[in-house]
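Q: Next come the chains, spelled out residue by residue.
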Amino acid sequence: MIILKAMSIDLNNISDSSLQYISSYLQRFMPFTIEDVKGLIQYCEIRKFDKRIEIVKEGEIDNYLNMVLKGLVRKFVKVKGKETILQLATEGHVIHSEISYLTRTPSQVILETLEPTTMVSINHKKMEEALASFPKGERLGRLIMSGMFVKKDERRYWLLSKSTRQRFIDYLDRNPHMLQRVPQKYLASYLNITSETFSRFKHLIRETTSNEIVNFPDK
Amino acid sequence: METDKRFIQFLNKFVSISLEEYNQFLAPYTQLRKFGKRETVLKEGEIENHINFILSGLVRKFYKKEKEEINTQISFEDHIIHSQESFHSRKPSEYTIETIEPTVMLSMTYDDLERVYAGSHKMEHLGRVIITAAMVIKDNWQMQIVKHTPRERFIKFINKNPELLQRVPQKYLATFLNIKPETFSRFKHLLREPSRY
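Chain order of the listed sequences is P and U. Numbering of the first sequence is given in this note's numbering, commencing with residue 1 and proceeding in unit increments. Numbering of the second sequence is given in this note's numbering, commencing with residue 1001 and proceeding in unit increments.
Honestly, the hints are just simulated from the structure, not real lab data. Note that the structure is predicted; figures quoted are calculated from it, not measured. Careful, some of the hints might be misleading.
With a cut-off of at most 20 Å between alpha-carbon atoms, the simulated SDA-like pairs for lysine to any residue come out as follows [to be verified]: (1) U:K1188 <-> U:I1158; (2) U:K1171 <-> U:R1151; (3) U:K1064 <-> P:L160; (4) P:K38 <-> P:R28; (5) P:K151 <-> U:I1130; (6) U:K1147 <-> P:V94; (7) U:K1147 <-> P:E58; (8) U:K1013 <-> U:A1134; (9) P:K162 <-> U:E1094; (10) U:K1138 <-> P:I61; (11) P:K125 <-> U:I1131; (12) P:K152 <-> U:I1145; (13) U:K1065 <-> P:V94; (14) U:K1091 <-> P:S161; (15) U:K1005 <-> U:Y1029; (16) U:K1122 <-> P:I144; (17) U:K1138 <-> P:K38; (18) U:K1067 <-> P:L159; (19) U:K1065 <-> P:S163; (20) P:K80 <-> U:H1148; (21) U:K1138 <-> U:K1188; (22) P:K162 <-> U:I1070; (23) U:K1138 <-> P:I85; (24) P:K136 <-> U:K1013; (25) U:K1064 <-> P:L159; (26) U:K1043 <-> U:Y1172; (27) U:K1180 <-> P:S161; (28) U:K1065 <-> P:T164; (29) U:K1005 <-> U:L1032; (30) P:K70 <-> P:V94; (31) U:K1138 <-> P:V79; (32) P:K151 <-> U:I1137; (33) P:K152 <-> U:I1131.
Only chain P is shown next, with the shape it has when bound in the complex (with noise of 0.2 Å):
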């Protein structure tokens, strides 16, 4: 069953923790006033997705970028019918098809929900007049894009540099909650790790488990 819904967003009826998401991913790159956020969201929809729902299929042009305010969203590439995940994105996190959002041409990744999933859109077109009227709109849409580079190049860099052990560590150290979320294979495949060696290196998490046990008795 698919369940799409889109609507324009009702100031009264957004609830404060989505707000609290806008508003902290918009102060990293500037200051804003909640009169600001107010003013931007204005060109944002709301759009809920059932999960396993493919909201950009590949050769489709990608009109939306999205920040998720609940649910669960994967970024993946076919080739030769194997999948590759470039993106895991949870609540706060942004995710869309950059290239095809960007130069308007068909997407070559696939984006599709895990779980039910609610997001704040902005539509291209939309996009466009936002930075247009926004006094300092250029500004905070070239910061935007400055941010995304360094975080693309340092995902690149980290899984260039790190062994695979120490990516396994490092990325469930940070989301621990994703080994109940996601998929195994998925979360391997995210990693660039292969199925086998991902369930071999999960004892490292029961050992890191059980030393927080004899070192915090009170837990």
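Mind docking chain U on chain P? Use the hints.
A: Only chain U this time, still in chain P's reference frame:
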């Protein structure tokens, strides 16, 4: 000046900029930098302070994995090269930038670029468009690494940049394309037999 014209031509691919606008907003902040062959432009651990437009020469960017140098960019005339991540984040660079041939570049510092942005809305717009384009190129490149076999990468790249086979040491090209040096040598027969592709 001829060098300015080349740079203006490059910028015009993104946003149309007149000579007057260039002279007013950009020219005062550019500087010409010259490097010999195999000279370090930026060392790993330093903060990248420049964005560079190559007027002549050949430059590579690499990081070290154990003892090995992995090349992530090889750039020549009319290309931009710098350690973007360090430049934007003001953190030490993971990458080293080194010339392969004697090189002349038109450079601008981070602080001066901020002055350019502050001085004109149009320049800020130009900045966003260029950064966006750079991100698309990077993303496309990563996609190629994921989607194509070493053989496909080799053929595509050498077809597009045939002169680099003469200008760049093979071991650099091999790590850049993420192909083993032995495989790279083996692929060279593909070039002598054009009918195969």
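Q: Next, verify each hint and record whether it holds.
A: The hints, checked one at a time:
| no. | hint | in the structure |
| --- | --- | --- |
| 1 | U:K1188 <-> U:I1158 | holds, 10 Å |
| 2 | U:K1171 <-> U:R1151 | holds, 16 Å |
| 3 | U:K1064 <-> P:L160 | holds, 10 Å |
| 4 | P:K38 <-> P:R28 | holds, 17 Å |
| 5 | P:K151 <-> U:I1130 | holds, 17 Å |
| 6 | U:K1147 <-> P:V94 | violated, 23 Å |
| 7 | U:K1147 <-> P:E58 | holds, 13 Å |
| 8 | U:K1013 <-> U:A1134 | holds, 13 Å |
| 9 | P:K162 <-> U:E1094 | holds, 13 Å |
| 10 | U:K1138 <-> P:I61 | holds, 19 Å |
| 11 | P:K125 <-> U:I1131 | holds, 19 Å |
| 12 | P:K152 <-> U:I1145 | holds, 15 Å |
| 13 | U:K1065 <-> P:V94 | violated, 30 Å |
| 14 | U:K1091 <-> P:S161 | holds, 17 Å |
| 15 | U:K1005 <-> U:Y1029 | holds, 15 Å |
| 16 | U:K1122 <-> P:I144 | holds, 18 Å |
| 17 | U:K1138 <-> P:K38 | violated, 33 Å |
| 18 | U:K1067 <-> P:L159 | holds, 17 Å |
| 19 | U:K1065 <-> P:S163 | holds, 11 Å |
| 20 | P:K80 <-> U:H1148 | holds, 10 Å |
| 21 | U:K1138 <-> U:K1188 | violated, 26 Å |
| 22 | P:K162 <-> U:I1070 | holds, 14 Å |
| 23 | U:K1138 <-> P:I85 | holds, 17 Å |
| 24 | P:K136 <-> U:K1013 | violated, 24 Å |
| 25 | U:K1064 <-> P:L159 | holds, 13 Å |
| 26 | U:K1043 <-> U:Y1172 | holds, 18 Å |
| 27 | U:K1180 <-> P:S161 | holds, 17 Å |
| 28 | U:K1065 <-> P:T164 | holds, 14 Å |
| 29 | U:K1005 <-> U:L1032 | holds, 14 Å |
| 30 | P:K70 <-> P:V94 | holds, 12 Å |
| 31 | U:K1138 <-> P:V79 | holds, 19 Å |
| 32 | P:K151 <-> U:I1137 | holds, 15 Å |
| 33 | P:K152 <-> U:I1131 | holds, 13 Å |
The structure is inconsistent with the numbered hints 6, 13, 17, 21, 24, although it conforms to all the rest.
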